[in-house]
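If you read the sequences in order, they're chains A and B.
The opening residue of the first sequence carries number 1 in my numbering; numbering runs sequentially from there.
The opening residue of the second sequence carries number 1 in my numbering; numbering runs sequentially from there.
A couple of the hints might just be wrong.
Identical copies go unnamed one by one, so any copy, or any two together, can satisfy a pair.
[Stated by the list, open to error] Capping the alpha-carbon separation at 35 Å, the derived lysine-lysine pairs in DSBU-like fashion look like this:
no.: 1; residue 1: 144; residue 2: 49
no.: 2; residue 1: 127; residue 2: 164
no.: 3; residue 1: 39; residue 2: 144
no.: 4; residue 1: 144; residue 2: 127
no.: 5; residue 1: 144; residue 2: 90
no.: 6; residue 1: 164; residue 2: 257
no.: 7; residue 1: 340; residue 2: 259
no.: 8; residue 1: 190; residue 2: 259
no.: 9; residue 1: 161; residue 2: 251
Calculated directly from the structure, the hints in this document are not laboratory data.
All values derive from a computational prediction rather than experimental measurement.
Number of protein chains: 2
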Amino acid sequence: MANEEIKILGGSWAMVGGDGPCSYSQNSTYQREMADAAKGMIHGEIIEKLDFNNPHFNSSNTFRIADFGCSAGPNTFFSVENIIEAVEHKYDTQLHNPPPLEFQVFFNDVIANDFNTLFNTLPSFQKYFAAGVPGSFYCRLFPKSTLHLAYSSYALHWLSKVPKEVVDSKSPAWNKGSILCSGTSKEVAKAYSAQFKNDTDTFLNARAREIAGGGLMVIIIAGLPDGILMSETGTGISYDFLGSCLADMAKLGVVSKEKVDSFNLPLYYSSAKELEEIIRSNGHFCIERMDKLNHPMSQKKPNVEFLVSQCRATFQGVVEDHFGRDQHVVEKIFQHFAKKYADNYYSIFSGVRHQHIDFFILLKRNID
Amino acid sequence: MANEEIKILGGSWAMVGGDGPCSYSQNSTYQREMADAAKGMIHGEIIEKLDFNNPHFNSSNTFRIADFGCSAGPNTFFSVENIIEAVEHKYDTQLHNPPPLEFQVFFNDVIANDFNTLFNTLPSFQKYFAAGVPGSFYCRLFPKSTLHLAYSSYALHWLSKVPKEVVDSKSPAWNKGSILCSGTSKEVAKAYSAQFKNDTDTFLNARAREIAGGGLMVIIIAGLPDGILMSETGTGISYDFLGSCLADMAKLGVVSKEKVDSFNLPLYYSSAKELEEIIRSNGHFCIERMDKLNHPMSQKKPNVEFLVSQCRATFQGVVEDHFGRDQHVVEKIFQHFAKKYADNYYSIFSGVRHQHIDFFILLKRNID
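Turn these sequences into a full structure, and let the hints steer you where they fit.
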């Protein structure tokens, strides 16, 4: 393997595993609604843009799909089935009496992901050969030109790491008193934005090697409307709230103040313009479509219990990675969060005017 | 996918997961010694028999290896690295200035296998792209003609299921009072042998579809010397001993007598002749080599603690699958086994004259 493929191990956190009440698999309704909303768009785009006469799709009759950042299921299974249905339809209609197509589907997520739960919940009669691929999607994960369709839903706004300047008290980008890129400090936003640009470029370069010429990539990613700051959105306010709960925990001596000061979420919500620029300057993919994804939950304020469970399933891994895996401490943090959130929900959220955006992006691998 | 590929789910047991004191990963020294003994043979055979000028190896420069029945590691990693080293050597010497070869390695085992531990212990700088493939190797697991080298070590003497006649009190093959195919009852042996023949044929048919013409398959499998019964070997006597401990447990009321009567190990140790006949009558593969594998532990009587831990790591999954996962019960069974075994070790094993055999088999996929 060439030198370019040096491993960036990426974060060691993952969504909460298993299928218990706090698990991601039980708390990913939002992501599911998003996948449902994208279903028709994906189907239509595959029918229109996938081309089996493309000479770069070799004639082996194996079609390879990978989901980058699949988590522990079950959302990934619905998305994959939808993709396969569309690909089969296009294959059967575009080619004249073609031999049967066989599908190999690769489920990728970080090593810390709960692949045991993923495999245990695989549909018993799937129409594809399944494989799990452990590792950060900011690294090479597949041999050259072996994928035909890549998919990544709600994963790429997770950075490979927190930019180091934001936890450096000597840097002008020190993110004191905040756990996220709220957008209010230009220096902090610049550091996060640079990390996002670098990570996304790394992702696109890795996928460019792996996806055959003419292959498609569907990306669903959280972002911001033009001119809106993260701190002005419901999501940003919720995450800030988690930050204030961590500060409370430091005051109560549950965790140290230093630990709280050095905690930042490895998340970045970009604008459409920023995303577009990164993809264009990368140069390996053509943007076939970039749209806002509308779904029932995108504009409504969800109820408290839902939001609290969703936050925990998503962030418990990052919290444990930073504060340690003492379940007593973890329990205290999230119980406090749940209570404080419930107590303050209406007063805080009554004034929220903005929501973040979910982008639907379809890329086509250029033929070199 | 064609109708022939109906799923046989196979057993839901697996080797003991994790990396604790009872885990397979901590108790697979025997298998490791065997892999070490096979190392040179595998290397030599690949150099001699693998042919990159074979037109059925397409020109994608991806070489795909699968380990069928890899368990939770770490043995599989050593074997895979050895295989890659030999393949790279052959590739570089046979072809003139070839483009770099990329390796994709698939680690297969049943869904109940601990893939999380497998992925967590993957070497950090592996020279290949890794993937886990969950499912019984008695099913199709890969698209057509996509593998170049298959490997299966100490896995194929595990049957897909216990033959139903041996647990049927109305059948002449009822295996009353025994938990294994000891060889003393012809009817029982016939039922086990038929199951083994059927399973091995199914395995070979599935692999024949998946391995490209000219591709190799290395099989290491436990078996018996000609004319020796399982009950005459050290291994057979050990397994019988586990059976007598289960009978003790029934007498003490820890488990029910019915449960003990209906418990049989899904294991079959065949003779060289039997194996050879199955492979020849299957017809998809040519036997390039079939030898007895000599290794330091193959002839010596291991110490008590070693044997007890090894038995537990191997059989706890099957025992739990049959008797339930109550850890109190499981603990009692294996503690009794350890004690009784230690108490009787010298008196019983002083007279053992025979050991089972480990076979090394190299097959080449016929070019249709």
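Non-conforming hints, listed in increasing numerical order: none
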